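Residue strings, one per chain:
Protein chains: 4
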Amino acid sequence: MIKIGIVGGTGYTGVELLRILATHPQAQLTAITSRKEDGLPVADMYPSLRGRVDVAFSSPEKAKLHECDVVFFATPHGVAMSQAPELVAAGVKVIDLAPDFRLQDVAQFEKWYGMPHTCTDLLKEAVYGLPELNREAIKTARVIGNPGCYPTTMQLGFAPLLKAGIVDAANLIADCKSGVSGAGRKLDVGYLFAEASDSFKAYGVSGHRHLPETVEQLQHLTKDKVGLIFTPHLVPMIRGMHSTLYARLTKEISNADLQALFEDAYKDEPFVDVMPFGAHPETRSTRGSNMLRIALHRPADCNMLVVLVVQDNLVKGSSGQAVQCMNLMFGLDESTGLMHVPVMP
Amino acid sequence: MIKIGIVGGTGYTGVELLRILATHPQAQLTAITSRKEDGLPVADMYPSLRGRVDVAFSSPEKAKLHECDVVFFATPHGVAMSQAPELVAAGVKVIDLAPDFRLQDVAQFEKWYGMPHTCTDLLKEAVYGLPELNREAIKTARVIGNPGCYPTTMQLGFAPLLKAGIVDAANLIADCKSGVSGAGRKLDVGYLFAEASDSFKAYGVSGHRHLPETVEQLQHLTKDKVGLIFTPHLVPMIRGMHSTLYARLTKEISNADLQALFEDAYKDEPFVDVMPFGAHPETRSTRGSNMLRIALHRPADCNMLVVLVVQDNLVKGSSGQAVQCMNLMFGLDESTGLMHVPVMP
Amino acid sequence: MIKIGIVGGTGYTGVELLRILATHPQAQLTAITSRKEDGLPVADMYPSLRGRVDVAFSSPEKAKLHECDVVFFATPHGVAMSQAPELVAAGVKVIDLAPDFRLQDVAQFEKWYGMPHTCTDLLKEAVYGLPELNREAIKTARVIGNPGCYPTTMQLGFAPLLKAGIVDAANLIADCKSGVSGAGRKLDVGYLFAEASDSFKAYGVSGHRHLPETVEQLQHLTKDKVGLIFTPHLVPMIRGMHSTLYARLTKEISNADLQALFEDAYKDEPFVDVMPFGAHPETRSTRGSNMLRIALHRPADCNMLVVLVVQDNLVKGSSGQAVQCMNLMFGLDESTGLMHVPVMP
Amino acid sequence: MIKIGIVGGTGYTGVELLRILATHPQAQLTAITSRKEDGLPVADMYPSLRGRVDVAFSSPEKAKLHECDVVFFATPHGVAMSQAPELVAAGVKVIDLAPDFRLQDVAQFEKWYGMPHTCTDLLKEAVYGLPELNREAIKTARVIGNPGCYPTTMQLGFAPLLKAGIVDAANLIADCKSGVSGAGRKLDVGYLFAEASDSFKAYGVSGHRHLPETVEQLQHLTKDKVGLIFTPHLVPMIRGMHSTLYARLTKEISNADLQALFEDAYKDEPFVDVMPFGAHPETRSTRGSNMLRIALHRPADCNMLVVLVVQDNLVKGSSGQAVQCMNLMFGLDESTGLMHVPVMP
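Protein chains in written order, with UniProt numbering: chain G, 1 to 345; chain Z, 1 to 345; chain W, 1 to 345; chain C, 1 to 345.
Just so you know, the hints here were simulated from the structure itself, not pulled from any lab data.
It cannot be assumed that every hint is accurate.
Said to hold, decoys possible - Straight-line Cα separation of at most 27 angstroms, DSS-like style, residue types lysine-lysine; simulated pairs:
# : chain 1 : residue 1 : chain 2 : residue 2
1 : W       : LYS186    : W       : LYS36
2 : W       : LYS36     : W       : LYS64
3 : G       : LYS36     : W       : LYS186
4 : Z       : LYS251    : W       : LYS64
5 : G       : LYS225    : C       : LYS251
Unchecked claim - Derived coverage of chain Z by chain G (criterion: at least 3 residues anywhere in the stretch with Cβ under 8 angstroms from a Cβ of chain G; other residues may be distant):
# : region
6 : 43-51
7 : 215-228
8 : 283-296
9 : 337-345
Since we're looking at a predicted model, the values are computed, not measured.
Positions of the beta carbon are idealized from the N, C-alpha and C atoms, including for glycine.
Using the sequences and the hints, build the whole thing.
Spelled out as structure tokens, the structure:
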């Protein structure tokens with residue numbers, strides 16, 4: 001059994017980790033920290049876990065995280081980098097669901113997150129936790145920067161095209177839509193039901209924190225200079241993410257070959273489903289599961305390829321992906337504990 | 001492995017059976033029938049099942065249901081009673097998610113469903129599939145009438161009170177609220193998103209088909225004459241059911257004793273959670289799971305007890321309960337394949 | 001033109017007042033106060049008002065409310081009673097959308113709102129602003145306690161029955177359901193989209209602030225002692241309220257006579273619509289309008305009457321009713337500026 | 001008073017016309033046809049209109065449409081072109097909310113709508129009813145092809161850029177999102193609440209009927225060849241449309257000048273609101289109103305302009321725009337009867 005600690009389990013990525021780990025056959029939840037909720041049984045905050053998760057929140061001091069095999073950080077940025085060095089020194093693996101270990105470009109981190117990076121040594125060895133593109137490095141990593149939700153969809157949607165060198169890398173567009181849980185359990189007027197329901201809007205169009213991480217990773221896939229316009233939107237739904245990706249083809253290629261390119265790229269992936277050419281994936285087809293689905297479109301008489309990508313932002317876009325990384329790091333089958341069938345309708 | 005057939009798997013109870021059975025360790029889905037969709041892979045209709053359910057719909061003629069160990073009917077009323085005799089004769093157990101085998105009072109069946117009952121012999125031996133009240137009979141049954149969604153909440157909420165003889169059985173009120181999936185995948189203008197979203201209404205206030213079944217079952221629990229006002233409402237949510245039950249106490253009893261009564265009644269039940277006195281269960285705390293939660297309230301200075309009951313109408317209210325019955329019928333642990341943690345948020 | 005001031009216009013009842021007053025032919029919005037948002041154009045907070053409302057929020061000091069003809073308080077409890085005396089002394093009429101002037105029983109106010117009532121003199125002359133039951137008194141009032149949203153539905157639903165003396169007044173039940181805007185624009189985790197969407201729950205079952213106000217008013221309609229069980233629920237919709245009322249008939253009376261009783265009671269009311277016997281009103285049929293709709297049901301063979309009442313909680317349940325009162329107080333036609341057709345779908 | 005007929009008023013554009021016309025000071029609804037609902041009072045189908053619209057549906061034979069001043073067609077394609085000639089010959093003006101008179105290119109009409117165009121004579125004189133681009137022609141038109149909902153947003157968002165000749169017209173992208181009411185009141189499984197709620201998807205990515213109409217109109221604004229990728233998506237909300245438009249700038253131009261270009265283009269328009277540069281308009285800020293809002297964004301260091309456009313698809317995107325055209329055709333102030341303040345929240 002893997003002894004597991006969670007730092008900051010009161011938010012949505014935290015409770016989603018708990019949901020997944022509760023039925024993971026190799027997981028033994030040892031500690032979950034919350035200074036504010038010290039002593040409160042987790043199931044009192046989240047009645048969905050009544051009878052399934054017995055632990056209580058504990059203050060960081062009591063939590064004995066250094067006795068864990070792995071610690072997940074489901075915290076705001078800045079927390080993981082302050083605690084990771086001590087844990088790693090104690091032999092504990094660290095998986096950060098926040099951005100502290102995602103961006104190798106420290107200047108970019110500091111620009112977008114408005115704080116100095118205090119743990120650049122560990123950052124250098126940290127591995128970006130996207131198994132489909134980074135599997136081998138994850139297996140031996142001590143520190144994982146778990147990808148953001150939007151970046152997961154953009155990378156898995158653009159990767160085969162950039163690797164094949166068949167699109168204009170400098171002019172990519174990602175028009176992305178997220179359910180409201182992507183904003184976390186944060187108290188902000190804009191996320192109130194009466195504000196966010198029955199409405200739709202873009203946000204952060206002039207700049208969003210998930211952009212630099214995505215560009216940095218995409219740049220590893222091509223020698224061409226990557227340029228990306230990323231437009232996030234808020235959808236009145238709880239979970240789910242839909243990215244509509246636009247890439248201009250620079251080579252003649254048939255639709256069948258495009259389809260084959262994607263099917264080949266992901267044929268052994270347990271959590272990437274390439275749907276038939278021209279399909280319209282729905283976010284709900286991934287609800288509660290670690291599956292990400294992709295479909296290709298080529299509007300008539302045109303060299304523009306449209307790639308549709310859907311996932312559950314809290315699973316493949318966050319906590320599920322983190323457990324997928326954990327499985328790899330501990331030599332388990334990658335899909336252990338992650339075979340939830342999507343809840344539909 | 002239990003060889004399983006499903007008749008009429010294109011609706012919500014059908015796809016929910018498929019979701020549950022896909023990870024049930026003892027279930028082997030052998031056939032799923034749909035005359036209209038013969039040959040269509042199930043996953044083409046329900047992309048959420050891509051990679052998880054391999055079977056295709058087949059016409060009833062090809063389905064070889066008589067070779068199954070058990071056949072679930074996820075069909076409109078009238079279908080199960082026409083096919084059950086032949087299956088039972090072939091040694092196949094039958095679990096009907098529709099009402100054909102719920103009501104022992106044939107006149108009531110014919111009044112509410114507008115058709116003659118053509119299988120009264122089997123009806124006589126059929127067992128009402130509510131494990132918490134009927135466990136032993138289910139274990140040896142050949143035919144199960146799986147309870148309706150509303151009746152499950154009303155029975156489990158009222159049962160301890162009626163058994164204890166401490167409420168006015170003649171004047172029970174159940175004000176019940178259901179998510180829209182309760183109406184099935186039926187094409188009806190009133191269930192369109194643009195009609196049912198952002199609105200709330202009652203329906204069937206003058207009379208609803210789930211009333212006679214509930215009264216018949218409740219009557220088994222008390223010698224007093226049961227009278228029940230049942231008011232169903234439609235909630236703009238997909239899954240979930242919330243029943244607010246009103247019962248007038250006829251004996252002096254403390255809140256602590258009431259709470260103890262319920263906790264005792266359900267203390268060994270894997271799928272009934274009695275929450276602390278005064279709690280307000282949310283339907284989402286059961287989403288995607290077979291759990292039903294109950295909480296008691298006693299508005300100040302008053303002999304009226306208010307019982308709040310929540311469940312996922314498609315799981316404990318339908319397909320999950322059917323699998324719970326199957327487990328009992330085949331000697332498995334009752335919770336086999338049913339330990340999904342609710343998806344929250 | 002009526003010169004109008006609004007205190008505390010940043011919440012939902014405030015912005016709804018602004019929406020209604022923007023097209024009211026006799027209304028001239030003079031000032032709207034918010035200490036926190038001093039100087040901010042109202043339309044910057046509420047873009048729906050761009051081009052339609054030109055005023056900016058101003059601090060109370062600058063607002064010159066004493067020069068208004070009427071001031072609406074769209075504030076938390078406690079504010080109106082602190083400012084009303086000075087305004088009334090200056091000849092300004094006061095309409096409080098909060099509870100300060102609703103409850104004549106000061107002890108009840110203090111019990112439920114946890115603060116002393118500091119303005120009991122004005123309270124004595126204050127008029128409860130439900131035009132259908134209190135029209136003449138409203139016309140000459142200086143201070144109006146505008147009814148709560150739930151109480152409006154309960155009173156208009158029970159009133160004809162209590163006046164006629166045909167129901168058991170001691171055992172009324174109101175099972176009520178409200179859209180989330182009823183909670184205001186308050187930052188509370190439970191009202192976040194990801195918490196309140198796709199779920200349903202009861203709240204305040206053991207006691208809710210709208211109970212004493214309702215009982216006090218209902219008691220004026222009958223010599224029998226009124227007893228009321230009131231169970232509020234939260235519906236995943238923005239606007240809308242549905243109250244399901246249960247009253248036991250104590251006299252023999254036909255359904256036709258019951259229907260006539262209600263039709264007669266409300267035949268001259270511009271904002272009460274008695275639907276045909278057995279109808280199921282939807283909340284959306286009142287969305288954005290000041291209309292309240294009622295329908296009666298009599299479940300078979302039973303002396304229980306079920307009364308269904310729907311309204312838009314922000315209009316007839318709050319700001320629309322306040323404007324209706326204003327119209328009466330200033331001698332205008334009662335429906336002036338209130339003839340919005342419900343927005344449907 | 002303008003005598004008005006409506007053909008096919010049982011759908012959402014029909015009921016929205018009724019809502020608007022019910023408070024239009026110059027409108028007199030004379031007839032509304034529905035063969036199927038002949039004799040049914042409109043308010044029986046749409047209780048939101050109880051007390052506000054007195055007419056009943058009548059069969060086309062009885063409707064005496066030729067005595068009207070104007071007839072709106074809120075019908076599927078093919079109906080208006082079959083009835084318009086007779087009406088126009090009788091001196092009746094025709095406003096078609098369907099596509100029969102939108103596309104001058106008959107081959108395109110026949111390709112996308114799969115039927116021959118039987119009324120090409122009238123089509124030639126028909127005017128495309130987008131007042132902001134076509135005002136003078138509308139004033140004297142006998143037949144109006146009222147624009148589709150998506151096309152309205154795309155045209156008003158791209159028009160200033162194309163007229164100014166500062167973008168790459170051949171490579172426009174429109175990523176558009178619509179509420180479910182855009183699909184009409186059609187019985188289709190995909191629009192059921194339990195299917196469309198809490199999910200998001202694209203549809204018609206390979207080709208959508210609103211594309212040719214948009215390209216045809218945009219082409220009038222520029223000598224460059226227009227190329228447009230149009231990707232529609234379905235949002236789980238009732239009303240509202242959000243178009244995210246991408247255009248590559250071909251000239252050096254400052255953000256201030258871009259903003260000025262749009263503000264100048266629409267400075268006299270009653271129903272186009274150019275928001276501050278960098279704003280994020282929400283669809284709900286237009287709910288129930290005829291207002292369309294636009295905001296510009298320029299992601300850092302980039303020649304890509306992002307234009308955000310929102311509207312209520314049933315008002316400015318359909319019925320409101322049709323009434324706006326009617327006002328122009330009958331010499332009324334353009335905003336007569338259209339000054340609804342958006343319903344928010």
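Hint check results:
no.: 1; hint: LYS186(W) x LYS36(W); result: holds, 15 angstroms
no.: 2; hint: LYS36(W) x LYS64(W); result: holds, 17 angstroms
no.: 3; hint: LYS36(G) x LYS186(W); result: holds, 22 angstroms
no.: 4; hint: LYS251(Z) x LYS64(W); result: violated, 61 angstroms
no.: 5; hint: LYS225(G) x LYS251(C); result: holds, 22 angstroms
no.: 6; hint: 43-51; result: holds (count 6)
no.: 7; hint: 215-228; result: violated (count 0)
no.: 8; hint: 283-296; result: holds (count 8)
no.: 9; hint: 337-345; result: holds (count 7)
Of the numbered hints stated above, those contradicted by the structure are hints 4, 7, listed in ascending order.
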